[in-house]
Amino acid sequence: MPAIQDIPETVFQDTVQKAVQRVFSTMLSRSAVLEPGNSLTPPDATELENPHVVGTVGFIGSINGLIYLYLEVPFAQECAAHLLGMNAAQLAKAGDEAVNDAIGEITNMTVGTFKNQLSDRGFPCRLTIPSILRCSRISVKPMSSAIRRIYRFKIGSHILTADLLMQTGE
Amino acid sequence: MRYKLLTVDDSKTVRIIVQKAFKLYDCEVLEAYNGVEGLALASKEAPDVILLDVTMPVMDGIEMLTKLKSDPMLKSIPVVMLTAEGGKDSVVKVAKIGVRDFIVKPFKEDLLVQKVGRIIDLKPITDIPMKARSVFDPANLLIVEDKPAIFNQIQEGLKHTPWNMQCVSTTGEAIDACGRSTVDLMMISLSLPEESAFTLFRVLRANLKTKYTPIFGLVVKTDVAAQQLAQQVGFTGLATKPLDMSELEAKISRAMNLDTSERYFRNQDDVLVMTLPENCGLAVMNEVATHLKSKISEAVDSGISKAVFNLQEVRRLDMNLIKFLLSAMQTCREVSLHFSLVGSGAIVSECRAYEDTRSWHFYETLDEARASFQTI
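Residue numbers (the working numbering), protein chains in the order written: chain A, 59 to 228; chain B, 7 to 382.
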């Protein structure tokens with residue numbers, strides 16, 4: 059089994075791109091386009107200018123990792139409304155909990171699709187339960203042994219940021 | 007029988023999506039948050055199918071599945087995994103324990119319904135029970151015909167109905183149209199190239215959404231072979247070309263189980279008015295006759311004691327119509343319902359030619375007929 063450092067950059071990019079695109083087209087009928095840029099550049103905490111909903115799901119196995127999906131609150135609400143078949147008023151009544159749960163599930167599906175591709179490449183791992191952060195400023199500092207990749211996707215007029223943190227596992 | 011589905015998932019979002027996917031079908035969706043709740047509900051409710059996630063708190067899907075399959079009372083319940091854990095290893099592991107199917111998230115609601123539909127005989131429900139649907143309610147008709155002239159004829163012939171008609175010329179377009187919206191009835195030309203009408207019919211019958219949709223074959227009257235084949239494969243009916251539009255309309259109404267009585271019978275204030283159409287062919291007479299006794303009974307039940315048989319639009323009198331009217335009059339007499347007749351000059355003249363109808367008295371207008379009751 060190759061070490062995580064030996065996995066070519068294009069594999070991560072293709073895998074996460076396929077995962078995001080599959081989830082957003084299947085569940086939300088939206089197309090996601092990978093924004094050009096350097097995936098090795100860590101996001102500056104100040105880039106989060108507006109309140110965000112951040113979904114996180116981990117995977118444990120021959121690769122251990124965490125993926126954060128960053129969505130601005132209005133985008134998160136839009137996704138939740140579509141997924142739950144609610145209008146804005148119904149979603150407002152359902153509250154932040156409904157939005158959190160929906161983004162948790164979108165993250166779960168995205169990370170699941172990502173890690174299933176890794177599993178099929180010979181890196182078996184299993185998913186953890188999703189968690190949600192709501193914040194305006196966030197700074198994630200990985201351990202030095204972890205590798206990190208950041209990809210941004212344009213979905214309609216919104217940006218989805220996928221932050222991948224991984225290290226070789228068991 | 008109302009089927010029960012149990013969705014076991016820690017995500018409320020997924021449980022809502024499952025509820026949404028099955029809301030148009032005659033089944034009840036039960037929800038559990040984790041394996042412990044799932045097992046408890048399975049024991050209590052004995053669902054017909056379980057949709058099971060893998061990654062859940064307290065008890066995950068693998069543990070629940072293992073316990074389920076080791077319980078003699080529960081092990082026969084079919085389980086469909088609905089999970090983001092879709093790597094080959096996970097699928098193999100779960101398959102060994104025993105599941106009926108496996109759906110990897112993300113998923114389309116249609117796929118979910120389709121897979122569950124292979125396990126239980128899901129039937130669509132409508133807000134309005136089929137029996138209560140009337141000929142005056144809108145309905146969607148899809149015509150699969152590559153000859154525009156035929157579609158134009160159907161559209162023209164049925165333009166007085168509230169039915170929305172869409173024409174497509176290929177089987178692919180037909181399948182797309184059925185996927186986009188609910189089709190209440192389809193007509194497929196049996197002369198589409200390469201017997202594709204029959205292939206399309208099989209595809210539609212295999213699809214849960216169109217499994218029970220009435221499907222007519224559009225066929226030339228002389229093409230007996232195609233008609234026989236259509237009947238063998240199970241087409242709901244045939245519409246033979248050249249088309250008799252009033253016959254076709256009656257067939258469509260019957261196939262959609264529409265209540266056609268309102269077309270002929272109306273209670274206007276304290277009078278039951280039966281209006282016969284211009285063309286009173288045998289099919290129309292049979293249709294009116296099927297409603298006659300029940301409509302008269304309903305009228306009498308609701309306190310109505312007068313009836314008008316309105317023949318103003320009728321073009322000509324024939325023996326079928328005379329027999330029907332004699333029967334209607336007899337029914338009225340049996341329940342002491344006073345009746346009068348309205349008809350045009352032509353009908354009055356025709357009545358004078360027959361022994362049985364010579365004595366019938368017609369009023370020229372509905373108002374005159376209604377006024378005549380005041381003298382009773």
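Don't take every hint at face value.
[As the list claims (entries may be wrong)] Some chain B residues near chain A, calculated using beta-carbon distances under 10 Å: (1) ALA52; (2) VAL60; (3) ASP143; (4) ASN146; (5) MET262.
[What the hints assert, rightly or not] In silico lysine to aspartate or glutamate, EDC-like type, Cα no more than 16 Å apart, as pairs: (6) B:LYS81 - B:ASP54; (7) B:LYS18 - A:GLU155; (8) B:LYS312 - B:ASP229; (9) B:LYS18 - A:ASP154; (10) B:LYS247 - B:ASP373; (11) B:LYS99 - A:ASP178; (12) B:LYS10 - B:GLU69; (13) B:LYS94 - A:ASP154; (14) B:LYS217 - B:ASP54; (15) B:LYS312 - B:GLU356; (16) B:LYS217 - B:ASP116; (17) B:LYS153 - B:ASP116.
[Unchecked claim] Pairwise CB distance ranges, derived in the manner of DEER restraints: (18) A:SER87 - B:GLU284: 26 to 36 Å; (19) B:SER82 - A:THR84: 26 to 36 Å; (20) B:ASP95 - A:PRO132: 21 to 31 Å; (21) B:ASP95 - A:ASP72: 37 to 47 Å; (22) B:GLU179 - A:HIS216: 44 to 54 Å; (23) B:LEU288 - A:THR84: 31 to 41 Å; (24) B:ASP107 - A:VAL198: 52 to 62 Å; (25) B:MET335 - A:ASN145: 32 to 42 Å; (26) B:ASP95 - A:PRO200: 52 to 62 Å; (27) A:ASP64 - B:VAL239: 17 to 27 Å; (28) A:GLY214 - B:THR228: 55 to 65 Å; (29) A:ILE217 - B:PRO144: 40 to 50 Å.
Simulated from the structure, these hints should not be mistaken for lab results. Quick reminder that beta carbons are idealized off the backbone N, C-alpha and C, glycines included.
Taking the hints in turn, this is what the structure says about them:
The interface hint given for ALA52 (chain B) is broken, as the beta carbon of that residue sits about 28 Å from the closest beta carbon of chain A, more than 10 Å. Annotation: interface hint on VAL60 (chain B) holds; nearest CB of chain A at approximately 8 Å, less than 10 Å. Among the interface hints, the one on ASP143 (chain B) is violated; its C-beta lies about 25 Å from the nearest C-beta in chain A, farther than the 10 Å criterion. The criterion of a C-beta within 10 Å of any C-beta in chain A is not met by ASN146 (chain B), whose closest approach is roughly 22 Å, and the hint is violated.
At its closest, the beta carbon of MET262 (chain B) sits 28 Å from a beta carbon of chain A; the interface hint therefore is violated under the 10 Å criterion. Proposed proximity of LYS81 (chain B) and ASP54 (chain B) is supported: the alpha carbons are some 12 Å apart, at most 16 Å. Between LYS18 (chain B) and GLU155 (chain A) the alpha-carbon distance is near 10 Å, which keeps this suggested pair within the 16 Å criterion. Among the hinted pairs, LYS312 (chain B) with ASP229 (chain B) is inconsistent with the structure: their alpha-carbon atoms are about 50 Å apart, more than 16 Å.
Simply put, LYS18 (chain B) and ASP154 (chain A) have alpha-carbon atoms about 13 Å apart, close enough for the 16 Å limit, and the pair holds. Pair hint LYS247 (chain B) plus ASP373 (chain B) does not hold up; C-alpha atoms about 42 Å apart against a cutoff of 16 Å. In summary, the hint linking LYS99 (chain B) to ASP178 (chain A) is supported, as the alpha carbons are separated by about 14 Å, within the 16 Å threshold. Distance restraint check for LYS10 (chain B) and GLU69 (chain B): the Cα-Cα separation of roughly 22 Å exceeds the 16 Å cut-off, and the hinted pair is therefore not satisfied.
At most 16 Å may separate the alpha-carbon atoms for a hinted pair to count; LYS94 (chain B) and ASP154 (chain A) exceed this at roughly 35 Å. About 20 Å separates the Cα atoms of LYS217 (chain B) and ASP54 (chain B), which puts this hinted pair outside 16 Å; it is violated. A threshold of 16 Å between alpha carbons decides the hint, and for LYS312 (chain B) with GLU356 (chain B) the separation of about 25 Å lies outside it, so the pair is violated. Between LYS217 (chain B) and ASP116 (chain B) the CA atoms are separated by roughly 14 Å; this keeps the pair inside 16 Å, and the hint holds.
For the hint linking LYS153 (chain B) to ASP116 (chain B), the alpha-carbon distance of about 32 Å lies beyond 16 Å, and the restraint is violated. Checking the proposed 26 to 36 Å range against SER87 (chain A) and GLU284 (chain B) shows it is violated: the Cβ atoms sit about 49 Å from each other. SER82 (chain B) and THR84 (chain A) have their C-beta atoms about 32 Å apart, which keeps the hinted 26 to 36 Å range intact. For the hinted restraint 21 to 31 Å between ASP95 (chain B) and PRO132 (chain A), the CB-CB distance of approximately 39 Å leaves it violated.
The hint said 37 to 47 Å for the Cβ distance between ASP95 (chain B) and ASP72 (chain A), and at roughly 21 Å that hint is violated. For the pair GLU179 (chain B) and HIS216 (chain A), the supplied restraint of 44 to 54 Å is violated, since their beta-carbon distance comes to about 34 Å. For the hinted restraint 31 to 41 Å between LEU288 (chain B) and THR84 (chain A), the CB-CB distance of approximately 54 Å leaves it violated. In this structure the hint that ASP107 (chain B) and VAL198 (chain A) lie 52 to 62 Å apart at CB is violated, the actual value being about 38 Å.
Judged by the Cβ atoms, the range 32 to 42 Å given for MET335 (chain B) and ASN145 (chain A) is violated: they are separated by roughly 57 Å. A beta carbon spacing of about 27 Å between ASP95 (chain B) and PRO200 (chain A) contradicts the range 52 to 62 Å that was offered as a hint. Taking the beta carbon of each, ASP64 (chain A) and VAL239 (chain B) are about 58 Å apart, not inside 17 to 27 Å as hinted. Look at GLY214 (chain A) against THR228 (chain B): about 56 Å separates their beta carbons, and that is inside 55 to 65 Å.
Distance hint check: the CB atoms of ILE217 (chain A) and PRO144 (chain B) are about 43 Å apart, consistent with the given range 40 to 50 Å.
Comparing the model with each earlier hint shows violations of hints 1, 3, 4, 5, 8, 10, 12, 13, 14, 15, 17, 18, 20, 21, 22, 23, 24, 25, 26, 27; every other hint is respected.
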